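Kindly produce the complete structure, drawing on both the sequences and the hints.
There are 2 protein chains.
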Amino acid sequence: MSLLVVGSVALDSVKTPFGKADEVLGGSATYFSVSASYFTTVNVVATVGEDFPDAHLEFLRSRGVDVGGVETGKGKTFRWRGEYSYQLNEAKTLETQLNVFERFAPRVPDRYRQPALVFLANIDPALQRDVLGQVTRPKIVACDTMNFWIEGRQAELKRTLREVDILIVNDGEARQLAGEVNLVKASRAIMGLGPSTVIIKRGEYGALLFSGAKVFAAPAFPLENVFDPTGAGDSFAGGFLGHLAKHPSMDHANLCKAVIFGSVLASFCVEAFSLDRFRTLTRLEIQQRYREFKHLTFFEDLEP
Amino acid sequence: MSLLVVGSVALDSVKTPFGKADEVLGGSATYFSVSASYFTTVNVVATVGEDFPDAHLEFLRSRGVDVGGVETGKGKTFRWRGEYSYQLNEAKTLETQLNVFERFAPRVPDRYRQPALVFLANIDPALQRDVLGQVTRPKIVACDTMNFWIEGRQAELKRTLREVDILIVNDGEARQLAGEVNLVKASRAIMGLGPSTVIIKRGEYGALLFSGAKVFAAPAFPLENVFDPTGAGDSFAGGFLGHLAKHPSMDHANLCKAVIFGSVLASFCVEAFSLDRFRTLTRLEIQQRYREFKHLTFFEDLEP
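Chains as they are written, first to last, in the numbering used here: chain A, 1 to 304; chain B, 305 to 608.
Be aware that a few hints might be false.
Unchecked claim - If you only want the chain A side, here are some residues facing chain B, beta carbon under 7 Å, derived:
| # | residue |
| --- | --- |
| 1 | Y86 |
| 2 | V181 |
| 3 | V184 |
| 4 | Y205 |
| 5 | V215 |
| 6 | P219 |
| 7 | K257 |
| 8 | I260 |
| 9 | Q287 |
| 10 | Y290 |
| 11 | L296 |
| 12 | F299 |
| 13 | L302 |
Claimed, not checked - Restricting the straight-line Cα-Cα distance to at most 30 Å, the calculated cross-link-like pairs of lysine-lysine (DSBU-like) are:
| # | chain 1 | residue 1 | chain 2 | residue 2 |
| --- | --- | --- | --- | --- |
| 14 | A | K246 | B | K598 |
| 15 | B | K324 | A | K185 |
| 16 | A | K214 | A | K246 |
| 17 | B | K518 | B | K489 |
| 18 | A | K214 | B | K598 |
| 19 | A | K92 | B | K396 |
| 20 | B | K489 | B | K443 |
| 21 | B | K489 | B | K396 |
| 22 | A | K15 | B | K489 |
| 23 | A | K294 | B | K518 |
| 24 | A | K214 | A | K139 |
| 25 | A | K20 | B | K489 |
Worth flagging that the hints you see were computed from the coordinates, not collected in a lab.
Keep in mind the model is a prediction, meaning the values are calculated, not measured.
The C-beta atom is built at its ideal place from N, Cα and C for all residues, glycine as well.
Written out as structure tokens, the structure reads:
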């Protein structure tokens, strides 16, 4: 089923203990759509500057991503520069140049206006809601956000959350939004704001899914070489919603499978800089790692 | 099968955001043996001071723990005072009074000298090895340690590790011991020092089991109320080795079950101050939570 994402397309400069990459392809909509492209066709609404290399759009197209909604604005592309320490658990932002992203006014092309699923990546919650106003009510709306909006635009964010089915955030964001340290209580508080499902990403520790009264815990895949965590969260969301686009049910068992697919895609994402791992990644490798997740987490039942 | 533990028995004073407890029962050998007592008989080698309340030993006895190896030394009992912030993830030690523990020279009673399993809780690695010298070679030797010994007694610790089958440490300790941030590589480096199996405890994030080339990831149980994390690690070790005492196989599948039992016991431990949760905990509740762990982690296989 059709999947629409609105978010950023960026040029990232990243330094990790294992190397650095300058002005490489990045952005939430980019990671999301390439990750989800292993499951379904993705329509992207975003903006880039006049300096954005055509080769990057070509790469997205080669993955079957529809970039007809990526507008070229006057000026330069959104740029982010950050670095990671040895623990690789948190990016230190060194520089953000919003450029064309500062004036981003998402415009959903006509042919995108009946999406089955929508992912509202981390942008101004008012813009997130504006996008929902441009489309017929999707089957599933998922959304990300960040501390910046939780602190500065909380009322706006809460209005948006009323229209959201699935919130996908990290543990710090969930705690901040709910004003509650305990994640079980925090997820319940967030459900009171609208979403029936809350996914809490915990980086190297995996993810928690709260759907109704049920809980599911997925580990992160223990990798020997993590080169660059940038984009892992959006790749997770892409794998998660990609699976839901193929199997659009909010049934708990189906959401658990989707969380594993999200974890699989995130685990590949971090194996190389930028989106480079996705340049060679195959559907077969995804299935293989899904099965490895099964081995990683399986334990025998108690004797009756 | 018989399980021997050597470690501390202490009086703890703990403050958490949810309350405080003064001079309550604590210590690694205490948490370990009470936790393991749900699976097998545990023999304890430890030392207390003349001021140690008899009611505490009576509680251990009521759990079927053999405290014949707990010697009463001249002086006061080991005391620890600490507090936790809202995140509950790390104790801040405010005061340590070693007292009789400073002169602890473990003496294994005759009737304990043929243990099937031994747990060397976190004490001086020279004393850990000394205990092994007093017993016939056990089927399984497991061991804990901490940054203090890794920094100050590394050569001694490495001598001890040569005789250890299973090292149970937290992630920071594993990284420090191996001199390696990546936990997959760190566990392999630790295996090079002796243990065939490495368990890395990650607090609220669960535990990783590395046995040979296999990996298993267990989440922590998502609890709504965590009152006091003190003793969770030793309760984990108690549940883990308790299961192994009942089913003494180093088979990967059996180790995975043991990790879940460890996680179950740790999850109960933190629900109350001190060992209070164990005063009412039943074997039935343990089995019930084991099954809840299954629901928490289960996801469907891929269609073939």
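Please write out, lowest number first, the hints stated earlier that are contradicted by the structure.
-> Hints that this structure does not satisfy do not exist here, as all of them hold.
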